[in-house]
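Residue numbers (numbering that gives the first Met the number 0), protein chains in the order written: chain A, 0 to 445; chain B, 0 to 449.
By construction, these hints were calculated from the structure, which means they are not laboratory data.
By construction, the Cβ of each residue, glycine as well, lies at the ideal position given by its N, Cα and C atoms.
Hints may contain errors.
To be verified - The calculated lysine to aspartate or glutamate pairs, modelled on EDC-like cross-linking and capped at a C-alpha distance of 16 Å, are:
| # | chain 1 | residue 1 | chain 2 | residue 2 |
| --- | --- | --- | --- | --- |
| 1 | B | K179 | B | E142 |
| 2 | B | K237 | B | D181 |
| 3 | B | K434 | B | E385 |
| 4 | B | K195 | B | E227 |
| 5 | A | K300 | B | D132 |
| 6 | A | K300 | B | D89 |
| 7 | A | K300 | B | D125 |
| 8 | B | K430 | B | D395 |
| 9 | B | K156 | B | E11 |
To be verified - Chain A regions said to be covered by chain B (calculated; three or more residues, Cβ under 8 Å):
| # | stretch |
| --- | --- |
| 10 | 57 to 67 |
| 11 | 71 to 83 |
| 12 | 173 to 179 |
| 13 | 201 to 215 |
| 14 | 282 to 294 |
| 15 | 299 to 306 |
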Amino acid sequence: MAGDREGIRRRFEERLLLSRKSSGNSFITLASTPGGTASGQLSGKLAGIKDNIAVKGMRMTCGSRILENYMAPYDATVVERLTHSGAVVLGKNNMDEFACGSSGENSAFGATGNPLLPGTVSGGSSSGSAASVGEGLVDFSIGSDTGGSIRCPAAYCGVIGLKPTYGRVSRYGLADLSMSLEGPAPVAAWGGEELLASVMDCISGFDRRDQSTASARKTECVRQLDSFDPSGLNIAVPENALLHCTPQVVAAFEHALSFMGDAGATVERVQLKSLDVALSAYYLIMYSEFASAMQRYDGLKFGTRGEGYTVEESILNARSLLGPEVRRRIMIGTYVTSAETRGAWYERALAARDHVSSELNDMLKSHDLLAMPTMPSAPYRLGERINDPLLMYASDILTVPANLAGVPAGSMPMGPGLGFQLVAPRNGDESILAAFRYFNRRGWHW
Amino acid sequence: MALVAAQKIGLEIHIYPRTQCKMFCACSSDFLHAEANTNVCPVCTGQPGSKPMSPNMACVVAGLQMARTLSMDISASPVSTLRKHYFYPDLPSNYQRTAEPLATGGKLQGFELREIHWEEDPGQYDMAKGVVDLNRSGVPLLELVTEPVLRNPSDAKAVLNDTLLLLQYLEIVREEAPFKVDTNISLEGGERVEVKNINSISGVVRALEFEFERQSDLLDRGLPVQQETRHFDEIKMKTYPMRFKETAEDYRYMRDPDIIPLNVGEIAVPDLGNPFTILESMCASGAREEDARAIVSNRDLVFAYNRVASGSNPLFASHFVARDLRGELNFRKMPPSFVAGEGRMTQIAAIAAAWSSGRLSNQSSTSLLRSVFEGRDVSAELRTTEGVFADEASLDRVAAEVISSNPDVAERYRKGSTEVINYLVGLCMKKLEGKARARDVVVALRRRLG
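Only chain B is shown next, with the shape it has when bound in the complex:
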C-alpha cells in the first residue's frame, strides 16, 4: 500500500533581471543573441589582474523592489558580495560571485520566503563539444529562495506564477528568459533531493511530480531515498542524477575583498504599487481572475483597466482589457504602452463605455477599436455610430428575408436544433451592417420562426 507521504518542497528561483550590463563589468548582458564570446572583457573572463566593478545597480534596485513588494526585511547592515569556490569549465575564475541576502523573510502565496540575493551567472559549457561561451559569464541574477514549506507541485506552480506576475508588473525581467529554477523535495522518511536548472514553470511541476512518484516508489519498496542533486531533462520529462557530484563540496565562501559592501537600506527605490493588492481588489470587485492576472502583468494594462472600469464595471472592463485590447496589441505586436499614448486612452475608454452600456454594438465597437489601433481619431465616428440601431420594422423585415432564403435552417430550428439560430443572427447582422444588438435580432427571428 502506498504511503501518503508528506512533501516538503522549496524553490530557488534564479531570476534574470532586465539590465543593460553584466553584474560586475560594463559588457552587454545579451547572451541569447550575440555571437559566442563577443560580449566579454578582462573582468568576466577572469583575466589575471582584472577587478570587478561595483554591483550592477539596476539589478540591486530590482531586488529591492521585489523585496519591498513581498514584505521582506531589507538588510540593515551593508551587504557583502561573496566568492563561492568550485572548479567548473564555465566559471572563468573558478569561483562564482554571489552575495549575502539583501532581504530576508516575507511571504508569497502565503508561503514563507527565506531570502533574496544577487549573483552572477557562469558561462555556458557545451560538454559534448568541449567549448565555453562566456557571453553569459557575469550576467546578473537575483535568487529568490523559499523556505521548504510548499506541499505539492501546484503550490510550486502558484508561487512561480506569482513571481512571474510580480516581475512583469515591475518590468524588471527579461521576457525571453525570465528565470531558471532549482527545487528541492523530500518525502517523509527520505532525504532531500535537489533538481537543478529547470527553465519553465511547467518543467518544475513535471519534475516535482516525477520526483514524487520516484521517491514514493522507493519508499514503498522499503528502499532509502538518498540526498543527491539531479537534473531535469525537459524533453524526456524525467530527472537524472547529475554527472558531477557536488553534495560533499565545500565552497569556502569568502567575502570578495575587491567589492565594497553595499548599504542597500540607503538606496532609493521607486514605488510602483503592489500587483497582488491590485489583483485582489480586481477579483473582489467581480473581475475574472484569469483576466485580472493578464492585466496585472503590465502596468499600462492596469492603467487601461482603471480607465475602462470607471466608465463601465469590473467584469466588463477586465474582459475588455484582457481579451479585446490585449488581442489587438498582440495581433499587431505592439507594446501595451501604445494604449497609454497620444490621447488614445480617452477614445478607448469612450468606446468601452458605450459598448458596455449597450449604446454600441459588438461589431461597431470592435471596428472602432481597430480604427484607434490603426491610428485614426474615432471621436466623430463614435458620436454618429453610438445609439444608431436599426428600428423594429427593419429588424422584422431582415429576419423575414433571412428565414425565407434559408428554409432548411429554419426547418432544423423548428425541429429542435435551436443552436442554429446563431447562424441566422450572423446573416441578419451582416445585412444590418452591424447596427443592431444581437439580443434584439434573436427576438425578431424567434417571433418569425414561431
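Just chain A, same shape as in the assembly:
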C-alpha cells in the first residue's frame, strides 16, 4: 500500500508540473498535495474539478472576479464521494464565468485553449474540464451541464462527456446557473468509458442534501458496460435537427450512424417539432433562474468586497466585477421575471418547456435512443463569435432539449472537434456509456 501511495504521489507531482507548464489554461487553481489516502474503485485516479464545484479549502472562483478569493468551506457531494473512493483532485478547471458561455472564452482568468485543434475554442462552459482531459493532464474531470456545458467542450476537444439524468447525481456544492436544468457531469478521454462508468457509479444516487435526488437510484454503469447490442434497437434521428448543422457535421454524423445501422440497429428518421421553441424556452428559463441565483453575490458576506459609503453602493461596485455575459443574463432574467412581464415571457417559457419535455420523452418511449450531432458546427477560431451572443446561443440548439426534458445525453467524438450525441430515456445513463463502449470495442474511428 505504501508503494501505491508513493506511486500516486509521484504521478500527482508529475502531472502538476505538466499542468503548470501547459499553455492550455485549463486550470484556475492547482492542488498543492494529493490529499487523502482513501483507497477504492478510483484509487489514484487524477481528477479535475470544474471551478463551480466546491472542494473544501480550495479556492472556488466560478471563473469570476467576484469570487477571486473565495475559499469553499465545504465539499460538494460529488467531491466527497470521489475522494472517498480514492480519486485525487489535481486542480480546479477553468470555465466560462458562472458557466455562462459555450466557447470557454468568458472566464475572468482567460480563455481555455483547445488541445485537439489549437487556435479554436475549447467549447464551454466546462472548457477546462474537457481540455485538461484532452491534453492528458487528468484521468477524468467533473464539469457541469446546464444546456450542453459538458457535451459541447467534449465534442470540441475530442473526448467523451455524459450529462446524467437530472436528479441522479447530487448538485450539492455545484454553484447555480439554472437549478432545474443542471447537474454535475463527468468527462473522460475516448477509450475511458470504463473509468467514466466507475465515476458515474461512484457519484450517483440519493443525497439528503439535494432533493432532486429523492428517488435517485445509483447507476450500474460498470455492470452494464458491455451489454450494448445494436441489433433490434430502434434509434430515432430528428431530421430537422440536421438542418441546423454544417455539411461537415452532417457527413460525420451519417457516417457514425451507419456504424450502428450496419450492426443491426433500426434508424428511424423523425421530426422533433418542438426543437423550434427549445432554444427560446431554455434561455428564458435559464436567465430567470440565473438572475435569482446570482442575487447572493453582493460582496457583503463572501467574495470580493465592493468599495462604497452605503450598502447599496458597495453591492453595486462588487457586482460590477461580473463579466458582460453574466450581466447580460442577470438583466434579461430580472426583466423576464418582473411582475409586469413574467406572463409574457417566463410563464410562456415554462409552458414551452413542458411541450419540449413531453415530445422528447414520448419519442424516447417509442425508441431506445435518440441520435443527433452534439454541436451544429466544428469549433471556430478563438474570438470569432465573442461579440455575437445570439450566434453563440444558437449553437446550443441540439444540446438543450435533453436538459429541458431531464433525460441523459452523452457526446463521443465522430470527427475532428465533432461530437456524436446519444440521448436516452430517464435513468438510461448506463446505455449511453455502453453504446460508446461498443463503438470503441468494435474499432470505430473517424
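Based on these hints, arrange chain B on the given structure of chain A.
Chain B alone, transformed into the frame defined by chain A:
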C-alpha cells in the same frame, strides 16, 4: 370636528414554531442564546453551491394543526416554496424563502382569515455596528394572515390573544419568542399603512392606537394619508417611517427550483382537540373566562381541570386549577406536566373534592397541596384531616380568648369598622391550627361581640 372614520385592520402574524432545526437545513434554530454566527452552515449562509433541504416537517405539521383548528381549507394541490427577491444585508442569498398557502380561509374570533404559509426568517442586522448574525437566518416561521376586517385595536388584541392560546394549547410555539406581527390599518379616505415588526400584543395595540390618532389627525386637517410602511418603536411607543422604502419593490416571486412541492394533504397530523371549544364549554358551565383561558393554554392543566371538575364544580375547579395549582407550579418553576405524573393527579383531585365540599379547610387544603408538590404521598394525611373540625365549644372558647386579648380591635368592630373581624378570624384560625371553616369562626366571633 373629528370624523368618525371606519377602520380596516389586518394582521400578519409571524409565528416562531417550536422546532429543533432550521427550515431548510439541520442547524439548530436557537438564535436567542447562542453566540453570534455559530448555528450556521453553507445552506443558511447562502454559500455558492449549497442547496436547501426539504421543508422542516415539524413546522409544516404545526401549520397544519393550526389550520385544522381554525377550520381553514388545507391545500389540495402540492405546496411550492417560493423565492422572494430583495437585497438586504441580513438576507444571505438576497432572496427569502416563503411559500404558497398551505391552507386558506377559516375564522378566528369571528374574523375571516386569509391564509397560512411557512417561510424562513432572515438573519439579524445591526445597522449601527454594520454586523450581521446569521443564527436566525433560516429559522422557521409560520405566517398567519387575516383579511383586513378588524375594526379596532381591541379586535386585534382578541385575535392575537386567541392565536397565542391556540399555539400554547398545541404546544407548538417558542414561549420566549412566540411571534412578531406586521399590521396594516386604513381609515376611510386614507391609504393603507403597514406597521412592521412588532414583538408584543400590547405593542400591536399601541401601534394601532397611535396610527389611528395620527391618520385621523391628518384626515381632519384635510391632508392625505399615503400608502407607506412604518416601524414601531417599542420604547417611544410611536411609529416611524421605515428607512428603506419597499412599497414599489417587485419581489419577482418564483418557485424555488431546488425544493420539491409538498403534498400537505397527505401529511398525518395528530388530533389534540380544539381549545376554543373547550374554552367555550368551560365558560358556559360557569367557569370564569380569565381562569378558563389560563387553563386552556396548557393541555395538562385542561386534564387537571377535567379531573377536578368531575369531583366538584366548574367554578371551583377553574379557580383551583388556574390559581392554586398554577400558583404552586409557577412558584416552583415546574412544568404543568408535573401534575399529571406518578399518581399525583389522584391526590390533587381528592384534595380539591374535599375542599370544595367543605370537608377540608382552606388552610389544610393548601398545606396538603403543597405536600403533594414536595413529593409526599398525602392520601393517609388527607383521610385523617378530612372533616376534622374544632367543635362549637372550642370555637366559642377561642373566640372569647382572642377578643379579650385584643380589646381595642373588638372596640373598633363595635363602633362599626366591621372589616376588622377578618383580623380576628385570622388569629382564631392560628389558634385552631386551621381546623375550622372561616365562616364558622365568623359566627362564633359575632356571637361574642354582640
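Checked hints:
{"no.": "1", "hint": "B/K179 x B/E142", "result": "10 Å, holds"}
{"no.": "2", "hint": "B/K237 x B/D181", "result": "15 Å, holds"}
{"no.": "3", "hint": "B/K434 x B/E385", "result": "10 Å, holds"}
{"no.": "4", "hint": "B/K195 x B/E227", "result": "11 Å, holds"}
{"no.": "5", "hint": "A/K300 x B/D132", "result": "11 Å, holds"}
{"no.": "6", "hint": "A/K300 x B/D89", "result": "10 Å, holds"}
{"no.": "7", "hint": "A/K300 x B/D125", "result": "14 Å, holds"}
{"no.": "8", "hint": "B/K430 x B/D395", "result": "12 Å, holds"}
{"no.": "9", "hint": "B/K156 x B/E11", "result": "13 Å, holds"}
{"no.": "10", "hint": "57 to 67", "result": "holds (count 3)"}
{"no.": "11", "hint": "71 to 83", "result": "holds (count 4)"}
{"no.": "12", "hint": "173 to 179", "result": "holds (count 6)"}
{"no.": "13", "hint": "201 to 215", "result": "holds (count 6)"}
{"no.": "14", "hint": "282 to 294", "result": "holds (count 5)"}
{"no.": "15", "hint": "299 to 306", "result": "holds (count 3)"}
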